[in-house]
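Asker: What follows is each chain in one-letter form.
There are 2 protein chains.
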Amino acid sequence: MPDIGTFEILHEDPESRARLGRLWTAHGPVDTPVFMPVGTQATVKSMAPWELEELNCGILLGNTYHLNVRPGMEVFEKMGGLHRFMDWKRAILTDSGGYQVFSLTHLRRMTPDGVWFQSHVDGTKMFMGPQESMAIQRTLGSDIAMAFDECPPCPCTPEYACQAVDRTLSWAAQCAQQPRAPGQLVFGIVQGGVHPELRERCAKGLLALGAFDGYAIGGVSVGEPEDLIMPGVRMTADLLPRERPRYLMGVGQFWQMAESVALGVDMFDCVMPTRLARHGTVFTRSGRYSVRAAVHRLDDRPLEDGCACPACQRFSRGYVRHLLNVGEILGVRLTALHNMFGYFGFIARLRDSIRENRFEAFRAETARVYGPDAAGPGAAAGA
Amino acid sequence: MPDIGTFEILHEDPESRARLGRLWTAHGPVDTPVFMPVGTQATVKSMAPWELEELNCGILLGNTYHLNVRPGMEVFEKMGGLHRFMDWKRAILTDSGGYQVFSLTHLRRMTPDGVWFQSHVDGTKMFMGPQESMAIQRTLGSDIAMAFDECPPCPCTPEYACQAVDRTLSWAAQCAQQPRAPGQLVFGIVQGGVHPELRERCAKGLLALGAFDGYAIGGVSVGEPEDLIMPGVRMTADLLPRERPRYLMGVGQFWQMAESVALGVDMFDCVMPTRLARHGTVFTRSGRYSVRAAVHRLDDRPLEDGCACPACQRFSRGYVRHLLNVGEILGVRLTALHNMFGYFGFIARLRDSIRENRFEAFRAETARVYGPDAAGPGAAAGA
Numbered sequence: 001m002p003d004i005g006t007f008e009i010l011h012e013d014p015e016s017r018a019r020l021g022r023l024w025t026a027h028g029p030v031d032t033p034v035f036m037p038v039g040t041q042a043t044v045k046s047m048a049p050w051e052l053e054e055l056n057c058g059i060l061l062g063n064t065y066h067l068n069v070r071p072g073m074e075v076f077e078k079m080g081g082l083h084r085f086m087d088w089k090r091a092i093l094t095d096s097g098g099y100q101v102f103s104l105t106h107l108r109r110m111t112p113d114g115v116w117f118q119s120h121v122d123g124t125k126m127f128m129g130p131q132e133s134m135a136i137q138r139t140l141g142s143d144i145a146m147a148f149d150e151c152p153p154c155p156c157t158p159e160y161a162c163q164a165v166d167r168t169l170s171w172a173a174q175c176a177q178q179p180r181a182p183g184q185l186v187f188g189i190v191q192g193g194v195h196p197e198l199r200e201r202c203a204k205g206l207l208a209l210g211a212f213d214g215y216a217i218g219g220v221s222v223g224e225p226e227d228l229i230m231p232g233v234r235m236t237a238d239l240l241p242r243e244r245p246r247y248l249m250g251v252g253q254f255w256q257m258a259e260s261v262a263l264g265v266d267m268f269d270c271v272m273p274t275r276l277a278r279h280g281t282v283f284t285r286s287g288r289y290s291v292r293a294a295v296h297r298l299d300d301r302p303l304e305d306g307c308a309c310p311a312c313q314r315f316s317r318g319y320v321r322h323l324l325n326v327g328e329i330l331g332v333r334l335t336a337l338h339n340m341f342g343y344f345g346f347i348a349r350l351r352d353s354i355r356e357n358r359f360e361a362f363r364a365e366t367a368r369v370y371g372p373d374a375a376g377p378g379a380a381a382g383a
Numbered sequence: 001m002p003d004i005g006t007f008e009i010l011h012e013d014p015e016s017r018a019r020l021g022r023l024w025t026a027h028g029p030v031d032t033p034v035f036m037p038v039g040t041q042a043t044v045k046s047m048a049p050w051e052l053e054e055l056n057c058g059i060l061l062g063n064t065y066h067l068n069v070r071p072g073m074e075v076f077e078k079m080g081g082l083h084r085f086m087d088w089k090r091a092i093l094t095d096s097g098g099y100q101v102f103s104l105t106h107l108r109r110m111t112p113d114g115v116w117f118q119s120h121v122d123g124t125k126m127f128m129g130p131q132e133s134m135a136i137q138r139t140l141g142s143d144i145a146m147a148f149d150e151c152p153p154c155p156c157t158p159e160y161a162c163q164a165v166d167r168t169l170s171w172a173a174q175c176a177q178q179p180r181a182p183g184q185l186v187f188g189i190v191q192g193g194v195h196p197e198l199r200e201r202c203a204k205g206l207l208a209l210g211a212f213d214g215y216a217i218g219g220v221s222v223g224e225p226e227d228l229i230m231p232g233v234r235m236t237a238d239l240l241p242r243e244r245p246r247y248l249m250g251v252g253q254f255w256q257m258a259e260s261v262a263l264g265v266d267m268f269d270c271v272m273p274t275r276l277a278r279h280g281t282v283f284t285r286s287g288r289y290s291v292r293a294a295v296h297r298l299d300d301r302p303l304e305d306g307c308a309c310p311a312c313q314r315f316s317r318g319y320v321r322h323l324l325n326v327g328e329i330l331g332v333r334l335t336a337l338h339n340m341f342g343y344f345g346f347i348a349r350l351r352d353s354i355r356e357n358r359f360e361a362f363r364a365e366t367a368r369v370y371g372p373d374a375a376g377p378g379a380a381a382g383a
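Residue numbers (my numbering), protein chains in the order written: chain Z, 1 to 383; chain C, 1 to 383.
Since the hints were made in silico from the structure, they are not lab data.
Only a predicted model underlies this, so the values are computations on that prediction, with no experimental measurement involved.
Each residue gets a CB set at the ideal place from its N, CA and C atoms; glycine is no exception.
Be aware that one or more of the hints could be misleading.
To be verified - Covered, in the sense of this in silico footprint (three residues per stretch, anywhere, with C-beta under 8 Å from a C-beta of chain C), are these stretches of chain Z: (1) 42 to 49; (2) 69 to 75; (3) 79 to 90; (4) 230 to 241; (5) 248 to 260.
As the list claims (entries may be wrong) - Pairwise CB distance ranges (calculated): (6) Z:G80 x C:H279: 48 to 58 Å; (7) C:P153 x Z:R109: 52 to 62 Å; (8) Z:R278 x C:Q177: 25 to 35 Å; (9) Z:V295 x C:D87: 47 to 57 Å; (10) C:R278 x Z:P14: 52 to 62 Å; (11) C:G345 x Z:R108: 50 to 60 Å; (12) C:D122 x Z:H11: 35 to 45 Å; (13) Z:K78 x C:G345: 46 to 56 Å; (14) Z:A208 x C:R278: 17 to 27 Å; (15) C:P153 x Z:A294: 30 to 40 Å.
Modelling step: build the complete structure from the supplied sequences, incorporating the hints.
Answerer: What follows is the structure in C-alpha cells.
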C-alpha cells in the first residue's frame with residue numbers, strides 16, 4: 001500500500017487536464033474525480049451511513065465550526081473522533097471552519113491570531129484561528145484537514161480581498177506548523193476573490209510553504225453571479241501543481257463539475273443533493289423538477305425513468321409527492337437517496353469517460369443537457 | 001393454503017386464554033399475537049418499508065380518515081390501492097375513520113347515515129358514515145377493514161355512551177352489507193365506554209349480525225385513567241368468541257399487551273414506538289429513558305446494551321443524543337428503528353413463551369419490569 005498522502009495519477013485525458021487519480025488516506029484510497037457528500041453535523045442529512053456505503057461513497061465532508069459548537073470537542077475527545085462518533089469507516093475531510101465563522105456568526109473582532117465571534121446557536125463568545133481550527137480538526141481526526149482561511153463574501157472591495165489573502169497566507173503558515181492527527185493530511189486554500197493577481201499571489205504563497213498535501217480553490221461559490229464561478233476556477237486551477245489533488249469547494253452542479261474536471265480539478269463537495277431533496281427537487285439525467293408540483297399527484301412513474309436507486313425501484317412520484325406534502329420523513333429520505341444516487345452515478349460516468357478517452361464528448365454532452373445555455377424546460381436548472 | 005379469513009388457533013396456553021393463532025389474509029398469513037405498526041399517512045413515521053420487512057413485520061395499520069383527506073381517494077383509484085401506493089406487499093388493516101372523525105375534526109351534524117364534519121387540514125366540509133368508510137377502505141384495498149363506529153371520549157355521560165352504542169350497531173349492520181375489495185375481511189368494533197352492560201349489548205349486537213371476521217375492543221384508550229383500561233379490556237374480551245381474532249385498538253404498553261394476551265387478545269396497534277422516538281424516548285428491556293438528557297452527552301454505550309438492532313450495532317447514546325439535539329432526521333430514524341425492533345422482539349418473546357407453555361411466568365415478569373407497580377427508576381414508565 002502506498003504511503004498516506006500519496007496521490008497517484010492513474011490516467012490523463014489527452015484532450016484536457018482531466019485525470020483519474022487515487023489519494024491514499026489513513027482510511028483508505030479515495031478515487032478521483034470524487035464527489036464528497038456534506039455531513040455538516042456528523043450526518044449527511046436524512047441518510048444513514050450504510051446508505052452511503054451502498055453508494056460506494058469513499059469520503060465525506062464534516063464541518064469543523066458546527067461540530068465545535070455542537071456537540072463540542074469534549075465529546076470527540078472522550079468518544080474517539082468523528083469516524084467513531086458517526087461510525088464512518090472511510091475517509092473524512094473537514095473544512096477549516098473559516099467559511100462558517102465569517103458567514104454565519106456575529107463577528108466581534110479580528111486579530112492576527114484569529115477571530116472573536118458569537119456562536120450562531122446561542123451567542124456564546126468564541127475564538128477561532130489557525131491553531132484552534134487545526135486543534136479541532138486534530139481532535140476530530142479527519143483524514144484531510146483544511147488550513148484556516150478567510151473567505152470574503154462576493155462582492156467585496158479589492159482592499160478587503162487583499163487583506164483576506166494576507167491573513168489566509170499568514171494563517172496557512174501557522175496551520176502548517178500545528179500538530180496533526182496520525183496520518184492526517186492538510187490542504188491549503190487559495191482565496192483572492194475575482195482578482196487574478198490576488199489568486200496568483202495566494203497560490204504562490206501557499207506553494208512556497210511546501211507543506212500541503214493538496215490545494216483547494218476557495219471563494220468561487222460564495223454569492224457571486226454564476227458567470228463568475230467558472231472563470232474563478234479556471235484562473236486558480238492553472239496555478240496549482242499537477243502532482244497534488246485539486247479540490248473545488250462548494251461547487252456541485254453537474255456541468256460545473258465536468259468543466260472543472262477539464263481544468264484539472266479532482267475533488268468536489270456540495271450540499272445540493274440533500275438540500276434540494278428537502279424541498280422536493282429531484283435530479284434526473286435530463287434535468288431537474290419539483291416532485292411536489294400538483295401535476296405529479298396521480299403520477300405513477302418513478303422519480304426518474306430507468307433509475308436503479310432504492311426509491312425508484314419501489315415508489316411512484318405520486319407517493320413521494322404525498323409524503324413531502326404531508327411532511328413525512330420518508331419523503332425527504334427518498335428524494336435524498338435518489339439525488340445522491342444520481343450524483344454518484346454522474347461521477348461514475350464521468351470517470352468512465354476519462355478512462356475510455358472520451359471525456360471531451362462527455363463534457364460537451366453534460367454542458368448541453370445541464371449547462372447554463374441548455375435547451376429544454378428545466379434543463380438549465382439541471383444539477 | 002387455507003381460505004382467506006381462516007383463523008387457526010395453533011396453541012392455547014393451559015393457564016390463561018393466551019393463544020398462538022394465524023389469520024389468513026389476501027396478503028398472506030398473520031401470526032398472532034401480533035403488533036401492528038401504525039402507518040397513518042401511508043408510511044410508518046421515519047421508516048422505510050424495507051426496514052419493517054427486516055423486522056418480519058407482517059401487517060401494518062393505515063388510517064382511513066387521514067388517507068381520505070390526503071392524498072385523497074382519486075389517487076388510490078388511479079394508482080391501485082394502498083399496498084401498491086406505499087409498496088407494502090404484506091397485510092394491511094385500515095381503521096374505520098370513526099375515531100379521527102370524532103376526535104380530530106370540527107363536527108357539524110350527526111345523521112343516522114353518518115357525520116358531517118370539517119377536515120382538520122383545511123376545514124373542507126366532508127361526510128363520513130358506514131357506506132363512505134367502507135367505500136374508502138374498499139378503494140384502499142386493505143386486507144382487514146374496520147366497521148365504522150362511534151368512539152365517544154372518556155369521560156362521557158352514560159346517555160351519550162348508550163347512543164354511541166346504538167349508532168355503532170346500526171352502522172355495523174350497514175357496513176356488513178357494503179361491497180368489499182377482493183378477499184377483504186371486516187371486523188366489528190365493540191364500544192360502550194366504561195359500562196359493562198353497554199359493552200355486552202354492543203358485543204351481542206355485533207355477534208348477532210354474524211357478518212364479521214374478527215372483533216375489536218374499541219374505546220378503552222381514549223383518554224381514560226390508566227387504571228380503567230385493563231378492566232375495559234377484560235369485560236369486553238370475555239364477550240368475544242374464541243374462534244375469531246380479537247383486536248385491542250390503540251393499546252401498546254408491554255405490560256398491557258401481556259395482560260391482554262392473557263385475556264385472549266390477539267392483535268394490537270400503537271403509535272408509541274415511533275411517536276416517543278421522535279421525542280427521544282428509548283424503550284429497553286429494563287424500562288425506558290430519554291436519550292436527550294444531558295447525562296448521555298458523553299455516553300459511549302449503545303441505546304440498549306446487548307441489543308442487536310441496526311442503531312445499537314453502530315451508534316452510541318452520545319451520537320443519537322447529538323442528532324436529536326440538533327434536529328437531524330437520522331436521530332429520529334435511529335430511535336424509531338430501535339423502539340420498533342424492541343416491540344417486535346417483545347412480541348417474539350411473548351409468542352415463544354406461549355409456545356413453550358411458560359406464558360404465565362412471562363406475563364408476571366413483564367408486569368414486574370414494566371407494569372404500573374414496577375420498582376426502579378423509569379420502570380413504571382416502561383413500554
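Asker: It remains to establish, for every hint, whether it holds in the given structure.
Answerer: Each hint tested on the structure:
1. 42 to 49: holds (count 7)
2. 69 to 75: holds (count 4)
3. 79 to 90: holds (count 4)
4. 230 to 241: Contact hint for the segment 230 to 241 of chain Z vs chain C: violated, 0 residues under 8 Å.
5. 248 to 260: Violated - the segment 248 to 260 of chain Z has 0 residues with a Cβ nearer than 8 Å to chain C, which falls short of three.
6. Z:G80 x C:H279: 48 to 58 Å: Once the Cβ atoms are compared, 28 Å apart, the range 48 to 58 Å for H279 (chain C) and G80 (chain Z) is violated.
7. C:P153 x Z:R109: 52 to 62 Å: holds (60 Å)
8. Z:R278 x C:Q177: 25 to 35 Å: violated (47 Å)
9. Z:V295 x C:D87: 47 to 57 Å: Once the Cβ atoms are compared, 22 Å apart, the range 47 to 57 Å for D87 (chain C) and V295 (chain Z) is violated.
10. C:R278 x Z:P14: 52 to 62 Å: Given range 52 to 62 Å: holds, Cβ gap about 55 Å.
11. C:G345 x Z:R108: 50 to 60 Å: holds (52 Å)
12. C:D122 x Z:H11: 35 to 45 Å: Given a distance of about 58 Å, which is not inside 35 to 45 Å, the answer is violated.
13. Z:K78 x C:G345: 46 to 56 Å: Distance hint for K78 (chain Z), G345 (chain C) is violated at roughly 30 Å.
14. Z:A208 x C:R278: 17 to 27 Å: violated (54 Å)
15. C:P153 x Z:A294: 30 to 40 Å: holds (36 Å)
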